[in-house]
Amino acid sequence: MLAYAWIIPLLPFLAFWLIVFFGRALPGQGAYVAIGALLIDALFSIGILAQVLGGATYEANLVWAVLGNRTLEVGYQIDPLTAVMLIVVTVVGSLIFIYSVGYMHGDPRYPRFFAYMSLFAASMLTLVLANNLLLLYVGWEGVGLCSYLLIGFWFERPAAARASLKAFVTTRIGDTFMFIGILLIFFTVGTLQFDRIFEAVEAGHLAGPLLTLAALLIFGGAVGKSAQLPLHVWLPDAMEGPTPVSALIHAATMVAAGVYLVARGYLLFFSSPDHTALTVVAWVGGITAFMAATIGIVQDDIKRVMAYSTISQLGYMMLGLGVLGYTSGVFHLMTHAFFKALLFLGAGSVIHAMHTNDMKEMGGLARAMPYTYWTMLVGGLALAGIPPLSGFWSKDEILLEAAHNNQGLFILGLLTAFLTAFYVGRMMFYTFSGTLRSHHAHPHESPAVMTVPLVILAVFAAVIGFVGAPFLGNPFGRFLPFAGAAHGEAGEAALGFDPAVAASSTMVALAGLLAAAVVYYWKWVPSSTLRRIGRPLYILLVRKYYWDEFYRWTVVRPTVWIARQLRVFDLYVIDGAVNAVGTVFVWFARLYRLFDLYVVDGLVNLLGWITGRVGAVLRHVQTGRPQNYLLAIALGVIVLVIGGILR
Amino acid sequence: MSTFVEILKAIGLAVLIFTFLAVVGAMYGVYLERKISGWIQVRYGPMHVGRWGLLQTIADTIKLLQKEHITPRRADVMIFNTAPIIVAVAGLLDWVVIPFGTGFGRYLVVRDINIGVVYFAAMASLTVIGILTAGWASNNKYALLGGLRSASQMISYEIPLALGLLWAAMIAGTLSTVGIVEAQRGGWFLFKVPPLGFLAALLFLAAATAEVNRVPFDLPEAESELVAGYFAEYTGMRFALFQLGEYAEMYAMSAMAAILFLGGWLEPNMPQWVWALLGIGALAMAAFIRFSVLRQVMLVRPILALAVLGAVICGLMVLGIGLGRTPVLPSIVWFFIKLFALVFFLMWMRWTYPRLRLDQLLNLSWKVLLPVGLLNILLTGLLLTVAQ
Amino acid sequence: MGELAAFIVLSLVILIPAVIVVTSRNIVRSALSLVPTFLGVTGFYIMLQAEFVAGIQVLIYAGAITVLILFVIMLTEGGSGVDVRQMNEQVPLGATAALWLAFLILVVLFRTQWPAASGQPPAYNAATIGSAFLSSYVLIFEVTSLVLLLSLIGAIVIARREE
Amino acid sequence: MTVGLTHYLVVSTLLFCLGLYGVLTRRNAVAILMGIELMLNAGNINLVAFNRYVAPGAVNGHVFALVVITLAACEAAVGLALVMAAYRSLETVHVDEINVMKW
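Residue numbers (this note's numbering), protein chains in the order written: chain U, 73 to 719; chain Z, 788 to 1175; chain Y, 49 to 211; chain G, 210 to 312.
Derived by calculation from the structure, the hints in this document are not laboratory data.
It is possible that part of the hints are untrue.
Stated by the list, open to error - So the derived list for chain Y, only partly shown, Cβ under 7 Å to chain Z, looks like this: (1) G50; (2) E99; (3) G103; (4) A110; (5) F119; (6) G178; (7) A180; (8) Y185.
As the list claims (entries may be wrong) - Think about it this way: if two alpha-carbon atoms lie no more than 25 Å apart in a straight line, the pair counts; the simulated SDA-like pairs of lysine to any residue are: (9) K1154/Z with L197/Y; (10) K928/Z with E300/G; (11) K595/U with H692/U; (12) K1154/Z with I64/Y; (13) K1154/Z with T279/G; (14) K928/Z with S298/G; (15) K850/Z with F1026/Z; (16) K796/Z with G50/Y; (17) K928/Z with R73/Y; (18) K928/Z with A290/G; (19) K928/Z with T279/G; (20) K928/Z with L123/Y; (21) K1154/Z with A54/Y; (22) K1154/Z with A290/G; (23) K796/Z with A54/Y; (24) K854/Z with D899/Z; (25) K796/Z with L152/Y; (26) K796/Z with Q134/Y; (27) K796/Z with I64/Y.
Given the structure is predicted, the values throughout are model-derived calculations rather than measurements.
Quick reminder that beta carbons are idealized off the backbone N, C-alpha and C, glycines included.
The shape of chain U in the complex, shown without the other chains:
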């Protein structure tokens, strides 16, 4: 079965082409094709997971190109990390696909949506299966393209168009770094196969500052893709896309690709001198987590709250990885994929019902749409990290690692946890409690095709955490240990359970929820007063720390100005030169024409005339009657034979 894993990315790819070409002719206008492809993949992945649990791994390569003495190989591998990612992508993906059938119902570009989604799934799976940086980069750019297409899916909205452009350009910056890193590795190590790179690293061919540099460059890609500081600005705007897209791409899978990349190349970071790279990763993640969380507090757009929470959770994962919590980071990736997809889908269902994103207009939806309410409650508590929901376990592990390795980051993590709980509570209260504030909306429960995936995801979000539960002996940790932990300073991978940390994180989370309740439920301290008190801070948060403005002044404006100057140069200097050359040649041509007319044509005509004369004479030989020719041949033969005899 592992040997046929290459089918997994192929199926959605085929689905993509099918839908592109036959679109509306297909069952369910192509939706069923896409869903079917992904469901088959899901079953496949489960089978693979089963085999991998049995300890099986697989790797296949084929030589793609030979550059001098270096060969570029493409191939795929299956190890625990890949298996986990496969499960996440296919299961969450298929659920979201099913959800989209309801959500995108009646959209004019319905089939195209599923085509893009399938393409995304194909690229993501390629990325996950790749056993070398090259193929991984292919998938990487593929998912980037798909996110661009899908963010701008409603391109008639200028906001969406701009957002898609922003996302594309921003991530591309990170990708550039990553590409440089890849080249660096390729030219130092001479291969892109992960395992060989790791061998080289362990053998010390790639070490010291160079290794750190390579790791950081690769991390640059991750930063762009996973919306870490300072390249996080694109993700909130990406919410312009359809909600399933936000759920699948900008919460569950694609943005996690960065984390996956770091996890995949962990040894690089790990073995950089005294963990420089890891420290950078950790701090970037921590700061991102904190900042995003703070911004998340003041957002009114329900999806933007989600977006910032996604950023901060991604930061959390980075932090987890950074503090030597390889397992915990990946674990949080998995749990986050489930509950964040759940939350997004719930938000989508809310928006579907309210036709608005503004939480200020919602309220009291708990009665109107119970399924959505309960499922989102589960998701929210999971996000807040309330035991025994999944978020708790993974977050707790991260905090554990942090506490064990870096107190500063531990504090930061606790703060973030508090903030997370706070904005989760805020969102829930705004949305579901109290009374409906908008007067022209008639909320209603979404159709089954949307609620059923919600329920399933809720179940996952609730229980998936137990695979990493310490009192079960942390099976996940044992299933997915850090390969590097085997040597070097061992033991980072699996730490025991620490009740203190667990208690503290739980306390913090509850505190956050409580605070949110105080402000937004019982309204003992109305939010307006808070706003008045902390006005400058509030402005800062609402302005998102002025990141966008910063970029506008430092990057956008100068670029535009340079472009203008270049245009002027182009217009006057280059075009001028070209025109000058053109005129000169026109004059030459005029001269040459005379020569052509009288000398060359004269010769040609003469030749033609001679040929005509000769032909007129010779054509009488060609009687058009084979028998004459045959007679000539016979006579010729006779002559020849005579010659032969007389010789």
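Please arrange chains Z, Y and G on chain U, whose structure you already have, making use of the hints.
For chains Z, Y and G alone, kept in the frame of chain U given last:
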């Protein structure tokens, strides 16, 4: 002496023997035909000249011999006169390779050529020239039409014919007719690689019927459309020659069919009780027809005669096997039994079936028989190769 | 002795009709005169102990090609009447060419010392021919069959009446 | 005297030249085809005769004779089809009247 002279001798011998044989065969062929047509149409047929009209055809022949030779105006005399001879000679030359049985310590065959089957096909194909030229030379549009029709028909049907021959040759692994018959000691080719053998036999019989221009393939001489087609203008002995050639060829075809698929002169080796059953069955049938209501709608006597004949043969077989002296009957008898059974079958068809249209005829040949024949050979080859 | 006689007879059977073929004003007669020529050639083959070739010769030439020719002659009645001029204007030249060629070839033929090997061919060579066709001449065999198929299709396509 | 290789060659030469004469001098396309058939037969006689007298054991001559016969059949079929087509469109089978392509 070189082989060539031997061949010359053989051909001379053939012409000598088989002129006689085929004259008798043809004359009594005509007689049989008339009788059988009579029976099928519930009448007696020739009865007055001699007992049961036995001398009828002799009288006819004499009449034909006395008739005047009429040559149409502006006909190409030389060709007009050669055509019937070509037909007759070709029809007779078929017999060179036909073995009648064993006896006098040798095979009763004029010449066991090692390419007998090919030779047979070649001679059969020679007839066409005679017919075509006859049709053209008699300067008569009916005749010409008949000639052209028969040319196209025979050219088309030579291929299935050759395929049928080839099939048998392939099974036997030899081209010589004697060899083919000897190869059937194990069992008739009709039942070889069932049902392909049967298919091949059917193929061959259909093609043979078309080759000899008999119903349902008798377009060249369709009396009702072409007033007897290519020999419309022929009178007297030339007409008789055509008849001779045709009957000779028909008999030859039947003989070849018997040789290829019914084991030639070999005595069918079936256990005693089968023979007994057959005999009883024949008698039972005879009795049934005799005493049932059928006797009012069909002519009973000849059927009774045939049944009794069959019963007698079966009885003889039973007896012979009982006495343990096989073969019971001389091989030549078996050969003639099979030959006349096939001839009877052909005549039966002639008086039973309607006539095809020309396009149906050609379609049948090119679109059905040819592919089927090729497929048949292919399959048989495959099976044989697999079997080995 | 008998062999020589047979040879002479056959040569006459071949050559005299051949003369008729190329000279007769009546196209049908010349077509019919092909038959004895072919049969004579068949006789040659039998004398040369190539029975299989002989059989095929009769089957194809006498049986098929002649009939085909006659067929076409009868279908193109216009060109084959007796009253139509059958010879073109290069009869004298052609005759001289043919005669000269014959003379020269005979000269060459008699001046050449032909390699002669004595020995009898195997009595029954249809099988050997078949095996030769399928072993060492299989390429020729395949190409020939291909040509056959093509010519079949081509003949049908060309002669079909466009409706 | 017994019959030797030369006898056959002589006859085939004569036959060949007769065929050539026919091909050269006939107006009727069908007649030309007949001439070609004659020439082919001459060639076949040579093949078989050489096979008999030069390499009695082999069958190469027979093989090639058979190939030639087959090709002759093809040639006759196609040639006659062409004649038919020409006759249908030009109402003539005389090659010296078929000169549509002539200048």
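Hints, verified against the model:
no., hint, in the structure
1, G50, "holds, 5 Å"
2, E99, "holds, 5 Å"
3, G103, "holds, 4 Å"
4, A110, "holds, 6 Å"
5, F119, "holds, 6 Å"
6, G178, "violated, 10 Å"
7, A180, "violated, 16 Å"
8, Y185, "violated, 19 Å"
9, K1154/Z with L197/Y, "holds, 15 Å"
10, K928/Z with E300/G, "holds, 21 Å"
11, K595/U with H692/U, "violated, 116 Å"
12, K1154/Z with I64/Y, "violated, 41 Å"
13, K1154/Z with T279/G, "holds, 22 Å"
14, K928/Z with S298/G, "holds, 24 Å"
15, K850/Z with F1026/Z, "holds, 12 Å"
16, K796/Z with G50/Y, "holds, 12 Å"
17, K928/Z with R73/Y, "holds, 23 Å"
18, K928/Z with A290/G, "holds, 23 Å"
19, K928/Z with T279/G, "violated, 34 Å"
20, K928/Z with L123/Y, "holds, 12 Å"
21, K1154/Z with A54/Y, "violated, 44 Å"
22, K1154/Z with A290/G, "holds, 21 Å"
23, K796/Z with A54/Y, "holds, 12 Å"
24, K854/Z with D899/Z, "violated, 39 Å"
25, K796/Z with L152/Y, "violated, 38 Å"
26, K796/Z with Q134/Y, "violated, 41 Å"
27, K796/Z with I64/Y, "holds, 24 Å"
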